Amino acid sequence: MKGKAWKFGDDIDTDIIVPGRYLIYTDEETLAKHCMEGLDSEFSEKCNNGDFIVAGKNFGCGSSREHAPIALKGVGISAVIAESFARIFYRNATNVGVPLLEAPGISKLVEDGEEITVDMENATITSSNGESIEFKKLPPFMLEILNQGGLIEYLKNK
Amino acid sequence: MPTMSEKILARASGKKSVEAGDIIIANIDVAMTHDLTGPLSVQSFEKIGAEKVWDPSKIVIPFDHQVPADSIDSANNHILMREFVKKQGIKHFYDVNAGVCHQILPEKGHVVPGEVIVGADSHTCTHGALGAFATGIGSTDMAMVFAEGNLWFKVPETNRFNITGDLKDNVYAKDVILHIIGKMGADGSTYKACEFAGETVSDMSVSDRMVLCNMAIEMGGKTGLVEPDRKTVDYVEKRSNKPYKVFKTDLDSPSLNIIDIDVSELEPQIACPHNVDNVKPISEVDVEIDQVFLGSCTNGRLSDLRDAAKILKGNKIADGTRMLVIPASKEVYTQALDEGLLKIFVEAGALVSAPCCGPCLGGHTGIIGPGEVSLSTSNRNFKGRQGSPEGEVYLSSAAVAAASALEGKITAPK
Ligand code: SF4
Chain A
0 MKGKAWKFGD DIDTDIIVPG RYLIYTDEET LAKHCMEGLD SEFSEKCNNG DFIVAGKNFG
60 CGSSREHAPI ALKGVGISAV IAESFARIFY RNATNVGVPL LEAPGISKLV EDGEEITVDM
120 ENATITSSNG ESIEFKKLPP FMLEILNQGG LIEYLKNK
Chain B
0 MPTMSEKILA RASGKKSVEA GDIIIANIDV AMTHDLTGPL SVQSFEKIGA EKVWDPSKIV
60 IPFDHQVPAD SIDSANNHIL MREFVKKQGI KHFYDVNAGV CHQILPEKGH VVPGEVIVGA
120 DSHTCTHGAL GAFATGIGST DMAMVFAEGN LWFKVPETNR FNITGDLKDN VYAKDVILHI
180 IGKMGADGST YKACEFAGET VSDMSVSDRM VLCNMAIEMG GKTGLVEPDR KTVDYVEKRS
240 NKPYKVFKTD LDSPSLNIID IDVSELEPQI ACPHNVDNVK PISEVDVEID QVFLGSCTNG
300 RLSDLRDAAK ILKGNKIADG TRMLVIPASK EVYTQALDEG LLKIFVEAGA LVSAPCCGPC
360 LGGHTGIIGP GEVSLSTSNR NFKGRQGSPE GEVYLSSAAV AAASALEGKI TAPK
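Chains as they are written, first to last, in numbering that gives the first Met the number 0: chain A, 0 to 157; chain B, 0 to 413.
Everything labelled a hint here was simulated from the structure, so no lab data went into it.
Just so you know, these numbers come straight off a predicted model, no measurement behind them.
Backbone N, C-alpha and C fix where the C-beta goes; we use that ideal spot for every residue, glycine too.
Heads up, some of the hints might be wrong.
Some chain B residues near chain A, calculated using beta-carbon distances under 10 angstroms [as the list claims (entries may be wrong)]:
no.	residue
1	Ala185
2	Thr189
3	Asn314
4	Pro388
I would like the entire structure built from these sequences, with the hints used as guidance.
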């Protein structure tokens, strides 16, 4: 997978990913419009299919709203790569089919806006100048859920 | 040598024992979803192709976030949820007049020691104050629970906060938990069960223990827990006729990390924008405020209203500052009415609203605008949490909120 990296800091909470006032909506398209609105009101327009989010530690902390990973899926984010993730978000993102890659050192490796390459099979991320780091390999059952596009599709196809 | 979390999860998964790190499937005793996360849970439930919930008597659905409906979209969500309740025969449904989910669950006797409770809301950890293993989950996981009555868990390690020392006057459970979160950081207990123990916690009321457990998630905790004692049992037996089982932690457990906290010198604490772990003692905070919110599942209980009313009685809220008081439930509202507390608030110049989440998550009722500063007794001060991302939210105890409303700036009670 190849795409542009949008870089964010530590402790990006789910209120930032989708503010509370939009939780009355449940469809991917509407939620996507407000994705990351708390920090960048133009994010949903700038972001392209296949882009990545690169972040610091504790990405997805706070509220259990599944609206957050749905919005990220809606804007076309193909994976979130962070130093670490919050617990509820980790499960929710996997369930809706957004891969989360835990890669200590990623914030140092990647600059905002740079093109990066993610190799899911070998669990590596390569920056535009060719430097690579590894991310924690996902267990096979999780990869399978993600390949199917989420837990519901996975169960349906089982 | 297990911890109380390990013992509860062993019971719920039908095993003799489990250890931190094990992946287990636990039977769920109570599943809660509300008007805001409910619609997604119901949609996912339907997408799985499920038809009947596993046990309509174990599901609790309170409406609390957008109540009464503040838009046609909210009204539609309410209609969808009411239809689900009816179609599935769900026994415990609380419509727009009942209060905040995390207050209703214990109050109405849905929480007893030893249970496994899941809620499609991150502050479900509150219920561990009664010795249950309670945790927040997302909507797809909730759909699985609705269908099957169980869910997979990774058994957590435990951070046990051993809290000692008498609290000074005007220092409360809220100050203790803010202090702990400030020390640990927003990810300081990620994936861990957070137990609150020690003489200070033994001295606390059940309400105060709920304040501690409520905010365990703000340091990444999977749940908050307090070992049940006489006070827990008194509270539970008055409200519930469900059978219960008391579990305690063996202090020699290998998955236990004990953290000693002395609170005897603690002064009131403030969480400053825009992170809950950005905590300062009140003497270091000098900020003017536009709005004060007294309420939420953290500090909207009767004792909080009493603490605030004591300070506000016979005084007037500062010009240019507005104060919102929202009791956490109908029971709290009625008691506050009987005790004359609501009259004190209204006479001081505050707005008293019907029980709901209010401005806590910026849904409605008191949203702040750009450049405005809110002092709130709730649990989150994230950027944009109560409205404009250019607004600021500070967090405090109920007493600090009241004293600050009178001065128009963040002030310690005298
Ligand atoms: S009061 Fe606030 S934190 Fe509590 S359930 Fe409502 S929105 Fe969530």
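**Report entry** Broken hints, by number
**Finding:** 3
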